[in-house]
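Trainee: Start from the sequences and build out the full structure, keeping to the hints where you can.
Heads up: the sequence shown at position 113 corresponds to 115 in this note's numbering, and the numbers run straight through without jumps.
Treat the hints with care, since some could be wrong.
[Said to hold, decoys possible] Computed list of lysine-lysine pairs in DSS-like fashion (alpha-carbon distance at most 30 Å, straight line):
(1) LYS103 with LYS138
(2) LYS123 with LYS138
(3) LYS138 with LYS163
Hints listed in this document are in silico derivations from the structure and should not be mistaken for laboratory results. Please read all numbers here as calculations on a predicted model, not as lab measurements.
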Amino acid sequence: PASLFFFFFFKSADQLRKTTLKRKAQGIKRVKSPKAETKTTCRRSMRLQRIDPLGIPLQESGAKVESPVEEEHARLPPGPHPMVATVQEPEADTFLSTWAKISQAEGKKSEKSSCNLESYKARLRGMVLREEHVAKVVASRIYSVAVHPSESRSLVAAGDKWGQIGLWDLDSSLENGAYVFIPHSQAVSCLHFSPVNPAHLLSLSHDGTLRSRDVTRRVFEEIYRNESHSLSSFDFLASDAST
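Mentor: Below is the structure:
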């Protein structure tokens, strides 16, 4: 009986093994079909398609499109302009009077004082930036800076991207010691106080004009004008500012 049991057991196992092997061999060998390539479409922006958000085609590149920014900053008419601050405050007149006063004192100096280089370097190393000496002088990005040569008072001028010139009296006891004027319509690329008479602040702009601010007459004089060129810099070749 035991031998009969093992006979049927091995026979059943052998049939199961053959059936299993037979099942593995059944059917046609499956050939894997190549993966379908998914086409990726590049999305083009409306700007590259030259259409606006409403689907209307834009003008050709050759056509000039007026910029609203340029319209807001139109060129100033030729000739002198009054020196009027953008925000009129009673202290503005006091500020202009102070500028004229320190310029007169500076103009009387004829001899240049000698300076020890090591002493000068030591003073530079001792410079620090204090919170009270940080202020927003103009509305836009600064393109040029000039410092008044006075030894008794610190007066700084800064020109910005849209023709504004801000003047800041660092020694003023007032909370707002900065005053803004607009003698140009584009970036003020260069600023210089006159080496002979610091009451005059000369400003050059990308609008093609060179103006001189006379604080004693409180007017912006137009020295040079060329609207076809975007002027970037100027300097004095002589100590008397004759050239």
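Trainee: Confirm or reject each hint.
Mentor: Comparing the hints with the structure gives:
The straight-line distance between the Cα atoms of LYS103 and LYS138 is roughly 25 Å, inside the 30 Å bound, and the hint therefore holds. The straight-line distance between the Cα atoms of LYS123 and LYS138 is roughly 28 Å, inside the 30 Å bound, and the hint therefore holds. A distance of roughly 14 Å separates the Cα atoms of LYS138 and LYS163; the hinted pair therefore holds under the 30 Å criterion.
Consistency with the previously given hints is maintained throughout, with no hint failing.
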